[in-house]
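Enquirer: Single-letter residue listing:
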Amino acid sequence: MPPTNTAPIIEINGINKSFGAFKVLNDLSFSVAPREKLALIGPSGSGKTTILRILMTLEGIDSGEILVDGDSLYQMKRNGKLQPADDAHLHKMREKIGMVFQLFNLFPHKCVLDNVTLAPMLTKGVSRKDADHHAMELLDMVGLADKAKSMPSQLSGGQKQRVAIARALALKPKIMLFDEVTSALDPELVEEVLNVLWKLCRETDMTMLLVTHEMGFAHDFADRVLFFDRGRIVEDGKPDEIFRHPKQERTQAFLKKIIAAGHRV
Amino acid sequence: MGQWAGYLQLILDGAVVTIKLTLMGSALALVMAFLAGLGRLSRFAPVRWLATAYIEFFRGTSIFVQLFWAYFVLPLFGFTLTPLQAGVLALGLNVGAYAAEVVRGAIKSIGKEQYEACTALNFNRWQGLRHVILPQAFVLMLPTFGNNAIELLKASAVVSLISLSDMTFQAQVVRAQTGSTLFPFLTILILYFAIACVISFAIRGLERHLTRGLDGIRS
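If you read the sequences in order, they're chains S and H.
Residue 213 in my numbering is what sits at position 213 of the first sequence, and the numbering runs on without skipping anything.
Basically my numbering = 1-based index in the second sequence + 1000.
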């Protein structure tokens, strides 16, 4: 359980985001405590993936403010005035955050080991020897130490995703974002990825934000669940409250649909 | 038969010049292709304009005119070039303009998700380009670079017009001296084709070498 008396590691204050005429996020606010495991659920197009992408600085925001670890993500102080963040500021902020994508986004021209070592060597100046050593520990943790020299094209989807998790962990982020990391996998490969997430959940004190359609897993994994619809948080509570006793009609309707589609809740 | 051996030697000397021109011109074209191709993708508008101006100008004017400028007009401004230098300059700049679009197209064809992985792993723009985007894009550029190199080889015949004794120039010399058209021009036809084949095989070999174990980024 996350402690309640510490300052939030992520604070989102009234952010808005549109893609053309489509309003994805509508005056959205919430905060995340350090070490908290948060599941973001909701129908597609509800804005949950967009939040992760905004936190990873893959999308900007139209208005509002985001604080990560006390610092504004998209603004910086210069000569006492707030200004839009420059590359150096974004670079500093990204050090705290890692992300795993739905489609893995591995580097196809690099072997598994190099996929994991490239970022620490380039962005933190870690030596090849140390990077290799740490990468092998991470690959061992995700059960792929024997695939270190394989190319991504030789791996299954579940293996690729586990490499992608190891790659993101290699930078030792405080916050990890998981964007529908099992959605592109064949059903029989989902579990091996969820097992890794489960391990991270129990054995590390990273803050984790998980966008998922695996409701059963979200229930077991999360300290807190946010239900999104049309760019707003409709319901925010403990997994048991959201999944067993949803208060809002829209949450109830969504969960009913999900169960009808064969997902365990 | 003995006299033909002498003339053949003359043409082979020309072939050496043609090969030299092709190699040096291709090297310059490659540099220009990356400079202008990356320039067109720059965040800075003046860099994009400069790259676009170069590409449009050198694609839009004849190699023949460019060569004459390099050799006959530049001296009027105080830049005197040897025929070989003028040839390499004109061929490299001309073919580089075409190849720049190949560089740009290949880079743009690399999926957004690769750029996003670079951002998520906190690479700066140059690191992402150098270690992730270009290695994948280069494989896509190779086949068209092969075309460009062969185009350059064939275009190199224009240097005979500024008295550089390349293969075509030597063939004309042989024709003038012997009165035979068939022998010199059949010989250089075969030689041009042979050199082009070497370029094709070299590019294909390089492509195979670079795509070992790769999947999903081959076109």
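A hint or two may mislead.
[Said to hold, decoys possible] Think about it this way: if two alpha-carbon atoms lie no more than 20 Å apart in a straight line, the pair counts; the simulated EDC-like pairs of lysine to aspartate or glutamate are:
(1) S:Lys-96 with H:Glu-1116
(2) S:Lys-92 with H:Glu-1207
(3) S:Lys-110 with H:Glu-1207
(4) S:Lys-124 with H:Glu-1116
(5) S:Lys-174 with S:Asp-62
(6) S:Lys-172 with H:Glu-1116
[As the list claims (entries may be wrong)] Okay, the calculated bits of chain S under chain H, using three or more residues with CB under 8 Å as the criterion:
(7) 76-82
(8) 87-96
(9) 102-116
In short, the hints are calculated from the structure, not lab data.
Note that CB positions come from ideal geometry on N, CA and C, so glycine has one too.
Enquirer: Among the hints numbered above, which are violated by the structure, and what are their numbers in rising order?
Expert: 2, 5 and 7
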